[in-house]
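Since chain V is already given, all that's left is putting chains D, W and Y on it; use the hints.
Chain residues, written in single-letter form:
Number of protein chains: 4
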Amino acid sequence: MADVGQEEDFEAAQKKALAVGAKKFFLEDLKREFVTQLIYPALQANCIYENVYLLGTSLARPVIARGMMSVADREGCDYVSHGCTGKGNDQVRFELAFYGLKPDIKVIAPWRIPDFYHRFAGRQALLAYAAEKKIPVQQTAAKPWSTDENLFHISYEAGILEDPDITPPTDMWKLTTAPEDAPSTPERISIEFKAGLPVKVTVPEQQKSFTDAVEVFTTLNSLARKHGIGRIDIVENRFIGVKSRGCYESPAATILRVAHVDLEGLTLDRNVRALRDQFVTIELSRILYNGHWFTPEREFVTSAIPASQRTVNGLVRLKLYKGNVVVEGRSSDEGLYDERESSMDELGGFEPTDTSGFIQIESIRIKKWAQANIRKGQAGVAPEDVYGSRV
Amino acid sequence: MADVGQEEDFEAAQKKALAVGAKKFFLEDLKREFVTQLIYPALQANCIYENVYLLGTSLARPVIARGMMSVADREGCDYVSHGCTGKGNDQVRFELAFYGLKPDIKVIAPWRIPDFYHRFAGRQALLAYAAEKKIPVQQTAAKPWSTDENLFHISYEAGILEDPDITPPTDMWKLTTAPEDAPSTPERISIEFKAGLPVKVTVPEQQKSFTDAVEVFTTLNSLARKHGIGRIDIVENRFIGVKSRGCYESPAATILRVAHVDLEGLTLDRNVRALRDQFVTIELSRILYNGHWFTPEREFVTSAIPASQRTVNGLVRLKLYKGNVVVEGRSSDEGLYDERESSMDELGGFEPTDTSGFIQIESIRIKKWAQANIRKGQAGVAPEDVYGSRV
Amino acid sequence: MADVGQEEDFEAAQKKALAVGAKKFFLEDLKREFVTQLIYPALQANCIYENVYLLGTSLARPVIARGMMSVADREGCDYVSHGCTGKGNDQVRFELAFYGLKPDIKVIAPWRIPDFYHRFAGRQALLAYAAEKKIPVQQTAAKPWSTDENLFHISYEAGILEDPDITPPTDMWKLTTAPEDAPSTPERISIEFKAGLPVKVTVPEQQKSFTDAVEVFTTLNSLARKHGIGRIDIVENRFIGVKSRGCYESPAATILRVAHVDLEGLTLDRNVRALRDQFVTIELSRILYNGHWFTPEREFVTSAIPASQRTVNGLVRLKLYKGNVVVEGRSSDEGLYDERESSMDELGGFEPTDTSGFIQIESIRIKKWAQANIRKGQAGVAPEDVYGSRV
Amino acid sequence: MADVGQEEDFEAAQKKALAVGAKKFFLEDLKREFVTQLIYPALQANCIYENVYLLGTSLARPVIARGMMSVADREGCDYVSHGCTGKGNDQVRFELAFYGLKPDIKVIAPWRIPDFYHRFAGRQALLAYAAEKKIPVQQTAAKPWSTDENLFHISYEAGILEDPDITPPTDMWKLTTAPEDAPSTPERISIEFKAGLPVKVTVPEQQKSFTDAVEVFTTLNSLARKHGIGRIDIVENRFIGVKSRGCYESPAATILRVAHVDLEGLTLDRNVRALRDQFVTIELSRILYNGHWFTPEREFVTSAIPASQRTVNGLVRLKLYKGNVVVEGRSSDEGLYDERESSMDELGGFEPTDTSGFIQIESIRIKKWAQANIRKGQAGVAPEDVYGSRV
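Residue numbers (the numbering used here), protein chains in the order written: chain V, 63 to 453; chain D, 63 to 453; chain W, 63 to 453; chain Y, 63 to 453.
One chain only, chain V, in its complex shape (with noise of 0.2 Å):
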């Protein structure tokens, strides 16, 4: 069992675990693991998937594949097991994982076999049995779908969420207090980042700061919670290509990245951002969703992420308040932000002259083409003639 900072019972876990015939129960504390091997690189490329999903789930899966294939080298397994069912990106990451770190592993994935599918249909078949051989089970009849929590985020998906157009029931959510019932007086917070990572969250109402990377994640879990923030309802596509609709709260990992991206707004040189947008967080995100995170396409994408860090140092000062991450400011000894270059009152150095030459040289080929389209008597300057394609 993966201790990934999710809220859970663990002995009571081991308990029924050994109870329905497990040999032995390993517990693996992977909380640091799956902040620094995992989250880190996710929070320094801004990772996303489909605009709108942090990837919470994908994040763990790496660090518990690793911790299983770890546990299966000492015990001298030929033989692991899972129970994710056989439409979702879960399967898929968890054995892509195995396959990564250890080859010749062999996977029995009993949502996959036929004997065992015909018999259940489903997770409510399965529940049923469950009930029927008292095996104590989260997901009950009053909390119709299934989650998957960690430190970084719960998921909550199937059941009654099938419905797209369902809104979630208020009590489902579980790591975040709804924006309506959160405080009305705003907090204020600060986050110092070094390398694009955050080394140090000072909370004045506490009057404290934390540094430690998971004191870091559990502070900022919890002041999201307080102020609602972190909630999401997204219909997404799966690795197989099917689409599922999915509810996630991921609290500490909203303000990291509100913050972070907007640190990069000072610190970051535009085109390294530009391309590490197009790329690496495009490429990273996807990567991490569909379980490749143990492939030679991981290693090439992430290998390109410090030098895009390297300035990114500065603190983020935000004020949270009912669902929102407002940035109240920011600064940086980075230099990369001209306060009397970018300013429209005093000319900082800066020579009006050289712009008119530069605008004169982006022009050339744009002229050429605008002569171009006017010698075809494609041109002209009504709205109907110059919005479309000239095809």
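Incorrect hints may appear among the rest.
Said to hold, decoys possible - Taking lysine to aspartate or glutamate and the DMTMM-like style, the derived pairs with C-alpha atoms no more than 20 Å apart in a straight line are: (1) W:Lys256 <-> W:Glu277; (2) D:Lys429 <-> Y:Glu403; (3) D:Lys168 <-> W:Glu277; (4) Y:Lys256 <-> Y:Asp395; (5) D:Lys381 <-> V:Asp225; (6) D:Lys288 <-> V:Glu242.
It is worth saying that the hints were derived from the structure and are not from the lab.
Frame of chain V, contents of chains D, W and Y only:
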């Protein structure tokens, strides 16, 4: 003068223009052109610059430039002029747009003429001059920043905002209520899209629906204003390579983007979405920001939008509350989402053994890579072995 | 049976089909459809897989699949079958194309039915069976490889070619003369393009011109054959993740690609070209290779082609000589190239001081970065200081 | 003066420099730095501009600029100067490189000083002046073009080449024999790569091997020269947006690129290769062409190269013949290619039924899309129905 939806006293502007020496004054209502020719494709393509900025100023420039060139054509002008500074984006956006439409036009840009800019070192110097000459201007010592406003947004920059660590004063924001002052009761609305465009906004509280393109915008603007939606505060990278701090309010645009992105989850094919995000969204955003609207690359990029939006049809239900835009449900007749197929509770025509094959095939090259790592002694299952790049 | 331009005895094929038990035999001439619907967009987009392979087999599959589904529709078939092996690309290409056209079709793929593939371990086993049963087959012990041929190319794989270090025997190549045996006198031709498509090939030696789409191909094929043009020998990555060695001859296609790429230099805007190369060329090549032609992403990607080819009009003069396709000159009326403007011998309306401004503006962020490096002591001008990544 | 491998009389150059007024003359041997710091990463990344140009001039500029800044540092120079014209790429490449290394350096560029360029309208005017003043120059009326040469290539532009339809005269080409005049007997060589770099060239005809980085280049240059390999003639897009015609000979580079690309087929993971091609190859090529070597984005992009080349180890066997570089075989110990697995003649541990599952999963979203098309009446199997974009 272009009416692109800004709150402005056009009569006063005309008087002022004629008073300071203009021979003629033209006012063009470009609101509909602005919405349908610029905002619409940007919305369909989910355009956003550097993860945060919705491009409100950039979007209006091509329409204003088109209007100017139309008047220049009609009036037989050889020269046009503008008041953009020599350090900003707008000079580039205007002039490249001019040249893309009328490559032989000449531009007079006083802020880039040494005689002028040595006489007036910046906006403050010019404000002083205006005061002295009794020319009425909106920017004052009391509101020490400059703004640009249209139907889509307002921007604030310069003045005290040039220190990126100074929180904007609460009375700066013009288009939206502060979330703290917004109603404590959420409001529900729904937006219907056809081919990725908002064709109907329904506001139950008003017992009304709006279908006209401009009205959809003004309605959503007033709803967002009421609920404190659409403020951002960033440091961005200007086209000329200078970092700059800007604050923006994009009320309707913020709501529409959330709704459109959400509906694409339900109705857009995964691979089209991924390609569109990586290429069209990013490239069109850059094109817009850099003022490259009237260029062959813009024609090229926008020509791909219709094929990406054919299936983006449906309804999104939203909750507006104190700065938050929360999707509460979405529906569509497109049929790409299949509740039975994605269900965790039934097979739904799905054969889970297929996924076993899928995973085996997906793992082929990963296993080969893992076996090579092992053969070279470059692999293990300890954390330190697996998370680096093996180079 | 599909006639996609392969050199084949269709009558013998029909006889064989009926002799081995086919109830009916259909021969469809798909050559024109192949050229105009598949080859043309691939040529316009400069499609190429992994830098080398011109996709000849991939291009024919959608056309053949469309022809099959058309017959299946007409004849009311519920099932279709194909003889592709279970390890290759073509099974995927055919079946995904079937499903994209007729999603309810059922496919029988003997090479993936255990009873079949345990009876026949591979092509050699099947050749033995065919010999025993006196079924005539083209592949023989003397020519121990398999081929796929059409108007665009021929492929060779399997058999002795499976060792990637074995040089293909000289008598394997079928469509082209060896460069060593080609004429020792070069031959000149010219190709005229409209909207990126070859509309006229002029062959002075034959005192003839060719304008018909299919004839353009057959003419260029015979010229390339004569001059030893279009052979490649590569190791490529199949869609299923297995590496595989293939040899290909693409005679006409090789000439056309050289000419089309060259003409784009003269007639295509720089930024359109760059975006097209990075997105359309690469994505459409991958789509083709992986058999994703009848998909929404293919419709999306090809929808951008016309806007990229509007200006690709002109004439390219070529020299063909012993495997070489040499561009000797090109011309166009598009007017994007301006001899005076690019001239090093006159100003040509160009103001060199503009470039000073351009360079100054371009250097703004670079200087800022260099100053920061110096401030941090991370810079110098010794080689070892400047070529690394400073991380 | 920088020795980057050009064939030049450095003593004569020194004499000339001192004769026309230089106070001091410095000659720096930068050949090894050129090969190992610039050419190597470009080769590893398969850099190429606009599909054709191997970037020979671009590659030398950063090395020369670094050498100049090193001398400027040593000698305490505040100013440097160069003779690049105001319309070309090299002025940008040199100056941006200067600023990236020494942001406070001042540049004197006579061709952009009005007094100078109004006195001398272009290269012809300056040649006349040189003749009058008896200053010896290489470019003459007999060879009316300008050249740039180094270890990697030579370029020809301007003069009669400015008409893109004029075939370059046969006596222009300097570094290679015409294919027509090359030996009629092919020559075989082999190149061994480690981490994507050529570590050994074996030339059986000479019974010799070469392992030194510079010697590898000079050896391949002389082989390519002999066999007529590496000429191109193109119209390209300069950074300033002007189209320009250039002819280039890149002898060794052409051979090395063919060999490197080929070996990657055998030894590089498919997904790494695809990502590298789309991002690193294209972006680094653009960075090089535009003179952005000493920038943060270059550091970012090159930081990803090592992880892409870790497995590119092996031997490529080549045939050189009259302009052709033909791969005759390749081998490697990396083990990513598995002859049994890819074989069409045996199962090789492969379970073909897995592919059935793979295809079924791959078809899920395609079938959904096809069903939706059918439901909307937007689909059929006639050619005209299926090849368009349905918009």
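* Asked: Of the numbered hints stated previously, which ones are contradicted by the structure, given in increasing order?
  -> 3
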